[in-house]
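*Asks:* What follows is each chain in one-letter form.
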Amino acid sequence: MSELTELSAAEAVAEIRAGEVSARELFEAYRERATDDELNAYTWVADGPPTEMPAASTPLAGVPVAVKDLFCTEGIPSQAGSRILEGYRPPYTATVVAGLQDAGATLLGKTNQDEFAMGSSNENSAFGPVRNPWDRERVPGGSSGGSAAAVAGGSAPWAIGTDTGGSIRQPASLCGIVGLKPTYGACSRYGMIAFASSLDQAGPFARDVTDAALLFAQMTGRDWRDSTSTGLPEPIELPTAEDLRGIRLGVPADLLGDAGEDGTGIEPGVRASFEAALQLAEGLGATIETCSLPHAPHALSAYYLIAPAEASANLARYDGVRYGLRVAGDRSLEEMYSRTRGEGFGAEVKRRIMLGTYALASGYYDAYYGTALKVRTKIAEDFRAAFAEVDFIVTPTAPTTAFELGAKTADPLAMYLNDYLAVPMSLAGIPAISIPSGLSNGLPVGFQLAGPAFSEGRILNAAHALERAIGFDGSAVRAGSGVHGA
Amino acid sequence: MLERAQVVHVARLARLELDESELERMAGELSSVLGHIDRIRELDLTGVEPTASTAAAPDAEASTGAVMRADEPVPGLTQEQALAEAPEPVDGSFGVPSPGPVE
Amino acid sequence: MPDPTSGFEPVIGLEIHVQLKTRTKMFCGCELSFGDPPNTHVCPTCLGLPGALPVVNARAIDYAIRIGLALGSKIAHRSIFHRKNYFYPDSPKAYQISQYDVPLCSGGELGGVRIHRVHVEEDAAKLSHIGESGRIHGSDRSVVDFNRCGTPLVEIVTEPDIHSASEAHDFLSLLRVTMRQLGVSDVNMDEGSLRADANVSIRPVGSDQLGTKTELKNMNSFRFLERGVDAEIARQSELVQSGGEVVQETLHFDPGSGRLTSLRSKEEAHDYRYFPEPDLLPLVATEDMLASALAAIPELPAARAERFELDLGLHPDRARDLAFRKELADYYEAGLAAGDGGAGADPIELANWIPHLVERIGSDTDPATSKVSPEALAELAVMVGAKAVSRDAAREVLTLLVSEGGSPAALVEREGLGALGADEGGGLAAAVDAAIAGDPDAAAKVAAGNMKAIGPLVGAVMREVKGRADGGEVTRLI
Ligand SMILES: [Mg+2]
Ligand SMILES: [Zn+2]
Numbered sequence: 001m002s003e004l005t006e007l008s009a010a011e012a013v014a015e016i017r018a019g020e021v022s023a024r025e026l027f028e029a030y031r032e033r034a035t036d037d038e039l040n041a042y043t044w045v046a047d048g049p050p051t052e053m054p055a056a057s058t059p060l061a062g063v064p065v066a067v068k069d070l071f072c073t074e075g076i077p078s079q080a081g082s083r084i085l086e087g088y089r090p091p092y093t094a095t096v097v098a099g100l101q102d103a104g105a106t107l108l109g110k111t112n113q114d115e116f117a118m119g120s121s122n123e124n125s126a127f128g129p130v131r132n133p134w135d136r137e138r139v140p141g142g143s144s145g146g147s148a149a150a151v152a153g154g155s156a157p158w159a160i161g162t163d164t165g166g167s168i169r170q171p172a173s174l175c176g177i178v179g180l181k182p183t184y185g186a187c188s189r190y191g192m193i194a195f196a197s198s199l200d201q202a203g204p205f206a207r208d209v210t211d212a213a214l215l216f217a218q219m220t221g222r223d224w225r226d227s228t229s230t231g232l233p234e235p236i237e238l239p240t241a242e243d244l245r246g247i248r249l250g251v252p253a254d255l256l257g258d259a260g261e262d263g264t265g266i267e268p269g270v271r272a273s274f275e276a277a278l279q280l281a282e283g284l285g286a287t288i289e290t291c292s293l294p295h296a297p298h299a300l301s302a303y304y305l306i307a308p309a310e311a312s313a314n315l316a317r318y319d320g321v322r323y324g325l326r327v328a329g330d331r332s333l334e335e336m337y338s339r340t341r342g343e344g345f346g347a348e349v350k351r352r353i354m355l356g357t358y359a360l361a362s363g364y365y366d367a368y369y370g371t372a373l374k375v376r377t378k379i380a381e382d383f384r385a386a387f388a389e390v391d392f393i394v395t396p397t398a399p400t401t402a403f404e405l406g407a408k409t410a411d412p413l414a415m416y417l418n419d420y421l422a423v424p425m426s427l428a429g430i431p432a433i434s435i436p437s438g439l440s441n442g443l444p445v446g447f448q449l450a451g452p453a454f455s456e457g458r459i460l461n462a463a464h465a466l467e468r469a470i471g472f473d474g475s476a477v478r479a480g481s482g483v484h485g486a
Numbered sequence: 001m002l003e004r005a006q007v008v009h010v011a012r013l014a015r016l017e018l019d020e021s022e023l024e025r026m027a028g029e030l031s032s033v034l035g036h037i038d039r040i041r042e043l044d045l046t047g048v049e050p051t052a053s054t055a056a057a058p059d060a061e062a063s064t065g066a067v068m069r070a071d072e073p074v075p076g077l078t079q080e081q082a083l084a085e086a087p088e089p090v091d092g093s094f095g096v097p098s099p100g101p102v103e
Numbered sequence: 001m002p003d004p005t006s007g008f009e010p011v012i013g014l015e016i017h018v019q020l021k022t023r024t025k026m027f028c029g030c031e032l033s034f035g036d037p038p039n040t041h042v043c044p045t046c047l048g049l050p051g052a053l054p055v056v057n058a059r060a061i062d063y064a065i066r067i068g069l070a071l072g073s074k075i076a077h078r079s080i081f082h083r084k085n086y087f088y089p090d091s092p093k094a095y096q097i098s099q100y101d102v103p104l105c106s107g108g109e110l111g112g113v114r115i116h117r118v119h120v121e122e123d124a125a126k127l128s129h130i131g132e133s134g135r136i137h138g139s140d141r142s143v144v145d146f147n148r149c150g151t152p153l154v155e156i157v158t159e160p161d162i163h164s165a166s167e168a169h170d171f172l173s174l175l176r177v178t179m180r181q182l183g184v185s186d187v188n189m190d191e192g193s194l195r196a197d198a199n200v201s202i203r204p205v206g207s208d209q210l211g212t213k214t215e216l217k218n219m220n221s222f223r224f225l226e227r228g229v230d231a232e233i234a235r236q237s238e239l240v241q242s243g244g245e246v247v248q249e250t251l252h253f254d255p256g257s258g259r260l261t262s263l264r265s266k267e268e269a270h271d272y273r274y275f276p277e278p279d280l281l282p283l284v285a286t287e288d289m290l291a292s293a294l295a296a297i298p299e300l301p302a303a304r305a306e307r308f309e310l311d312l313g314l315h316p317d318r319a320r321d322l323a324f325r326k327e328l329a330d331y332y333e334a335g336l337a338a339g340d341g342g343a344g345a346d347p348i349e350l351a352n353w354i355p356h357l358v359e360r361i362g363s364d365t366d367p368a369t370s371k372v373s374p375e376a377l378a379e380l381a382v383m384v385g386a387k388a389v390s391r392d393a394a395r396e397v398l399t400l401l402v403s404e405g406g407s408p409a410a411l412v413e414r415e416g417l418g419a420l421g422a423d424e425g426g427g428l429a430a431a432v433d434a435a436i437a438g439d440p441d442a443a444a445k446v447a448a449g450n451m452k453a454i455g456p457l458v459g460a461v462m463r464e465v466k467g468r469a470d471g472g473e474v475t476r477l478i
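Sequence order for the protein chains is A, B and C. Everything in the first sequence is counted per the working numbering, starting at 1 for the first residue and increasing by one. Everything in the second sequence is counted per the working numbering, starting at 1 for the first residue and increasing by one. Everything in the third sequence is counted per the working numbering, starting at 1 for the first residue and increasing by one.
Hints are computed from structural coordinates only; laboratory data are not their basis. Yeah, the Cβ is synthetic: ideal placement off N, Cα and C, and Gly gets one too. Certain hints may be false.
Claimed, not checked - Covered stretches of chain B, as calculated for chain C (at least 3 residues, CB under 8 Å):
1) 29-36
2) 43-56
3) 79-91
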């Protein structure tokens, strides 16, 4: 690993400003690693730095960023991991990406992902699975698996992804890096190829909490092109907290009970790492309390009705008329639609479109979609009540560490259950971060810290303090990526 | 358990061509997922309002105000850009198989 | 042959789509256009590109609120956009953003017909059939142009309060002038900015049950609406008379043949899977929005017609004819307000002169753009009222005014068209004497009290004086 790519992004910004490092050379160093990437983390890599580098005085000073495939980038493939969009080059750029570029970020590459962000292992990509840099026979998590693997593997200093029901936090957890899912509305969704509109949020992947804050600060803001965007009430500052004095952490008994029988159980190694992190937090001055989220155990069910229902409409536009794949259909319109979509979508996407169409269909709406929306109300109320008692709610991010490729592909429900701890926050629209809390059997474990809406600044500070106490080190894995197999 | 006929009906609504084996697998998988999901139907949710989105409505306390745009033109795409990715461009329009008489 | 419709009462409700005359589309900043090259007013949003999002056009909402207020609807403080899902090439997202269970406006009334609801939605793209494409052999092709896609629409749904095709026609024309007066739409059926579908059912006279209804589409002119509805009433009546049953279906009216063809029957009924549009927030109509919409509403045709009738004493038909064409009503009222020679024109007299003017300038011309100023027409009305000019002569004067403009008094002077009185120069008296002398038979009958015989005498006098005399005056003299 070259010295340049050992720098954290925040360090790189400082070095570029100080004239110690050339942004162009930094870009080249990462570009080389991204090009040689063996994790299949990228679906497209820039063929060189931009002709005009951003000024060193910009907030991000030219430091490159890897961007999840589903962000539209003008003239650059934006395929959302799907065959139906293979080779698709949009005529416009997503607001978040344009904002990062305005802030001085340079586009390093587009990262692999589960097709239309549907998945928890990145095995649902039309462009092949992504491998976990900690163990290449294991998944990086999903759906933003490419972004997580690129950062963990050291081929990108940081990256952006999207989280609908854990798609940033869970891969961050499985790859041993930091991932933040912001409050719904903190970042514009304009130009993000939609999965589930009421849940999708963009967020950063980074090596540490400081980098996450630095990148996130340039991603938020109200965008007139997205009516649901609000930005944040206060700008994001770099975190400085070194202790957790006076902070109450709530452990939701309802989610962490021994509900092991249906697979929601938490692996012992994960639980141990989580408990150890809680002890460190206590040592930093936090108090640990048990709290109650009585409806959270139903979040996954509500999620698997709401998200597919929205997806069934969001993905209806892939019809072979204006862009993307078209199959046959010279005989009838109906046949063209069905064959294009039948061949263009992968198995998981079809499954969710079917599920969502069913949940909305006449005669089923009230029983399924309508009920799920009410459960969502109860879940949001649970969180509000809990945050009256505690500052943050903490859980392991995922019940397991990275699992082996293929381990859950035959059982969709088992795969879905990996997001059991991430989905409640998505439904409530609240922010949550995942930071590495340590290793279990040599694989990273994620610690999730969630707060009330718009509490990102406080979350980043608390995570920063805890991160220092945990002292997780992923540098060996970053150094190994692209050099040798596991 | 989802009937095969239901799966066929839903696939038609969604305009998804599924072959025989897909249909069969889909029936099983959807049934298993719905089996898990069905538990929420046992919750007492009387009087609970639905939440379709957590985004702050313009009259909510957390709102940032107006969410409409002024009626001012915004530059769009040229015809060439619009058709750049079209599978069947026809004289500046998008060609499709005719849908039959009238929908 | 007995009328098959006798014994049945038609029950008709209308669903009307009105394109709003905003500058840009409902959910994106593309400009509205008509007749431009295809796909030149498009953007990621109205093409349904991946990642694009809708944003509500504030003016479209303002217009929709104006419509709601004008119809006396209740405006919802919070209404909800829904997605209506269906696959069709004219729908780029495969769903239409519309409103469903919580529309912007509910209730109301226009011309005695209750309004059920008014909601906001987006228009579809234009799909044209091109036949067999040169490129793809042996297959029937169509092409899609997205310029129209996303044009703001309001959908106005009436209660089933209409009971004949002509009532449907009358309601639609009142609605059209109302929209025009509100300034929210061109409401042009030829260009598709006004489109009407009808739900038609029949029931035995006296029954208050609703029969099975059919939905009639594509009646894209006032004439077709009447013909289509009449044809459907006749079809249903015949069907029921012969022991059949009406099936719920959508019918397409073919203006060529005048026939109705079934589009889809109930079995194939669409499952639109409506659900709340997560890309948009609830639409909040604030007090400010309501106040500014209200302030923008002018006096509407129905109210104006009532005022013309009650305050000015116009015949209801005349009041309506004027009030329902804003430019005529405005012109008329400018004439009533005229000073100088036109001051104090009798409202009924002046109203009677408007059709004469329209006849001369053409019914498509705004009289305000003609050479006849409202003051001049008022002056003419005053002169007629004062018998300073006869009606026949005044018509001639009007013809001259239309071609050269100017003042009626001056034209009367120049052309020597002033009315002849008995006391005036003897011209009229002489003409009367001559007429009596010329037709002694008639004169004798009149003298004997047979007033029917006076006609030829009056005619003779008028010919003699070239219409410059007042008929009543002539009769009196004879
Ligand atoms: Mg409609
Ligand atoms: Zn547009």
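*Asks:* What hint numbers does the structure not satisfy?
*Replies:* 1
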